[in-house]
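Participant: One-letter residues, chain by chain:
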Amino acid sequence: MGAIRKYLKILRISLVERLAYRADFFLTTFLRFLPLVTTFLLWEAIYTGSEKDEIAGFTRDKMIAYLLLVQISRMFSSMPGLSTGIARDIRDGNLKKYLLQPIDLLWYLLSYRGAHKIAYIATTALPYALLFFWFRDVFDLPGPWTWLAYFLSLVLAFLIGFFFEACIGIAGFWLLEVTSLMYIINIFTFFVSGQMFPLELLDQYPGAMEVLNALPFHYLAYFPAMVFLEKKQGDELILGLVIELAWAIALILVSRWMYRLGLRHYSAYGG
Amino acid sequence: MILRYLKLWFSLAKFSLLGEMAFRGNFVVKIVVELLWLGMLLVFNFTIFQQTTQIADWKVNEYLFFIGCYFTMGGLMEMLFLDNCNQFSDLVRTGDLDFFLLKPIDEQFLVSCKHIDWSCAPNILLGLGVMGYAFWLGEWELDFFKAVLLVVLFISGMGLAYGFMLLLMSASIWMMRNQSLFEMWWLFTTLMRYPREIFKGRFAEPTQLFFSFVVPIMLVTNVPARVMVKGLESSWLPWYAIGSALVVLGVSRWVFRAALQRYRSAGS
Amino acid sequence: MPIIEANGLSKTYRVYQKKEGLLGALRGLFSREYKEVKAVEDVRFAIEAGEIVGFLGPNGAGKTTTLKMLAGLIYPTNGTAQVLDHIPWQREDAFRRRFALVMGQKNQLWWDLPAADSFQLHREIYSLPTEQFHRTLGELTELFGVKELTRQSVRELSLGERMKMELIAALLHQPQLLLLDEPTIGLDVVAQVTILKCLRDYNSNRGVTILLTSHYMRDVEALCKRVLVITQGRLVYDGPLTGITDRFGREKLVKLQFDGSECPANLETFGDVTSRQGPTAEIKVDRQRVAAVMAAILDRYTVLDVSIHDPPLEQMIAKVFEQGGVQSPGTPVPGLSPQ
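Residue numbers (the working numbering), protein chains in the order written: chain A, 1 to 271; chain B, 1 to 268; chain C, 1 to 339.
Please note that the accuracy of each hint is not assured.
As the list claims (entries may be wrong) - Restricting the straight-line Cα-Cα distance to at most 25 Å, the calculated cross-link-like pairs of lysine-lysine (DSS-like) are:
(1) 230/B / 146/B
(2) 62/A / 146/B
(3) 59/B / 52/A
As the list claims (entries may be wrong) - Listed below are several chain B residues computed to face chain A (Cβ distance under 8 Å; list not exhaustive):
(4) 40
(5) 52
(6) 122
Derived from the structure by calculation, the hints contain no laboratory data.
Here a beta-carbon is modelled for each residue, glycine too, at the ideal position from N, C-alpha and C.
Just chain A, with the same shape it has in the complex:
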């Protein structure tokens, strides 16, 4: 009798334990998609309220497609912890490791991030696939050339995202506190990259679009999504990609230049 009770108790404890872990897993997954879902609902309410078919050139379906696609863009272009990591390495003196070994900090981090991104995309592929399948009606599948351009724009978005954040991190050679700077930049990026809403919505403010287009941030979210939606076509598409490439190269050069300058500064301090 006692033995049975003991095993019942063990059974109950392990059941609770496993359920707790599962509940935690599913709660976390659910919470991850929550901001996206509430944004859809908000836009549904906006379209219903406005009684318009199109807002800023987007139909209801295209708006949802856009909001889904910027998630994909950000999957490639966001670099959580990159700049703060570099700044920490500089401050704690871990940087020596890279100086002593025959590797270059930036290329090492780039390949590390790349591998990390691929693993991340692979593990989140399933829920995203389900999400996209659920909303399959809002997409028109583009042709092969658009796919190619889309893929290109995403890879370049990854490079721009990486080297932009790397620049901020390298600024840690001179600045004490990069974390709080990054906070500000993250919030700013959320807005100007078009992650919050299509930038066309700002067309009503004169000059706003021109300023945003002149900055590299819209390549982080807005541009790839627009490519996929075939809202950028022909010359506009080519020009967009060329400028994106130019930004990527420029940021690579700037980050390398800053890094070299920073190292000189660093060794001058005898760090």
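Starting from the known structure of chain A, fit chains B and C onto it as the hints suggest.
Facilitator: Chains B and C only, in chain A's frame:
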């Protein structure tokens, strides 16, 4: 008893302020971040209302009041509790929770009120400012009873939010997850960031009902904001919000105490 | 009525066995394996008011776990304890007002503020009357000799000064029981000695009961008449410090000084020669054979000086630890678990 804890809270607040003075730089950054965030919300709000006259049944001023309400509440939660609760998993991991358990003070009080994050105080002012501005634009009627009810609803909203934060925090003892409470909280509070009325559709409606009545996180901002701008539409919903706040506070305390029993006091 | 009474305290941890690799992590999401680790097993002892008791044992032996159970920080898996007439893990406020726990490896003072501010906060937390608080604080800063340092921010203090501040903070509410976990860890000898002296003075003036764990024999020798030895979670010795020698020390150290400039070559036949320098030598000899060996040596050689010692306590303790839970024969010690 209550007086003693109130006195203790004021000293904690005082010492937090003294500590904060050491890092004035953070203060500035924090204000800039919050100003940017609020600014973006307002620009978005304003831009949207160029396209439509209402979101669900919220008009522009009403929605503005909602945003102000959310901002104030979020600011208060951040200032009073978020930092403390966020540190909890660290306290558990390093074993520094020991010191909190040794003091002849209620553990829950000490864990969740130890440090007051004064850098969030400007948020509250900003939120109140937006609420005030919306109120000035909206010209809603306000009598004594409604004002008292609003204050009570606002406080019970805070109680609800605090209870949920405590629950999420206590769960970290079981889960030992490395994800920060900060992030979980931000995701979770997505549900108090929008009016309930936008949840329309086959799946959204039941979700809304679930998070309004079973896990009533949605009531936190919705009930006080709605009562302000639309008056008393429902005779029972405000009472439900107050009652559920009491229940959630009770349950979260119970869970927190249960979680403490699992504490291992790590470190040697 | 003892101040501390532990009756068969046991603590078993379940340790989650992490699986290797990505696949393991994924599997761990749904099924987890645990290993049971017995940190403390069936520990019994009692401590009377005013005693200073040392708690010895190698790392991971269960000293700190026992101490934390007595402080009410963790719940025992089995067994009971009474500390100051309370069950510690119920953590009643009345109980927590009457004792203090100081951990050498942890810091509870507000890092960025002067210690005086942390003391003020203590006053609020323990709701001490202002006048009494100032009097106690004055006495304590006097005793520890840190009167001038309380306005300096804690991060600027040396390790020893910081430890003194920690002890002052712990003593402000005049606890009847002081639990100390490695109070002198990492301190230099001077700081260590002053802190020990302060603790001894405080104990004789106030009659506070002290239970302390330490790695350093110096601490234990300076303070404790009685020690508890714990290895692998079990209490293996409870009694006077000197008793350890009788119980665990099987050998004596014989120091000899011979006539002439060299000592004889065949000393090894008498015992373990631990050192040999000119005409002096040290031999480790089994306790029972000391008399016989001495007689034989004196018979054969001219000895100028001879002295017989116990081996250093430190070595003896290390030996006890090596023996682990193995019970050495001898008279049973009161309070020791009957196994």
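Participant: Verify the proposed pairing of residue 59/B with residue 52/A, using a straight-line Cα cut of 25 Å.
Facilitator: holds (17 Å)
Participant: Hint validation: residue 52/B versus chain A, beta carbon distance must be below 8 Å. Holds or violated?
Facilitator: holds (3 Å)
Participant: Holds or violated: residue 40/B as interface residue toward chain A, Cβ cutoff 8 Å?
Facilitator: With a closest approach of 5 Å, the residue 40/B hint holds.
Participant: Does residue 230/B pair with residue 146/B here, judged by a C-alpha cut-off of 25 Å?
Facilitator: holds (11 Å)
Participant: Next item in the hint list is residue 122/B. Is there a CB on chain A closer than 8 Å to its CB?
Facilitator: Cβ of residue 122/B sits 15 Å from chain A, so the hint is violated.
Participant: Given the hint that residue 62/A pairs with residue 146/B, does the C-alpha gap stay at or below 25 Å?
Facilitator: Status violated; Cα separation ~43 Å.
Comparing the model with each earlier hint shows violations of hints 2, 6; every other hint is respected.
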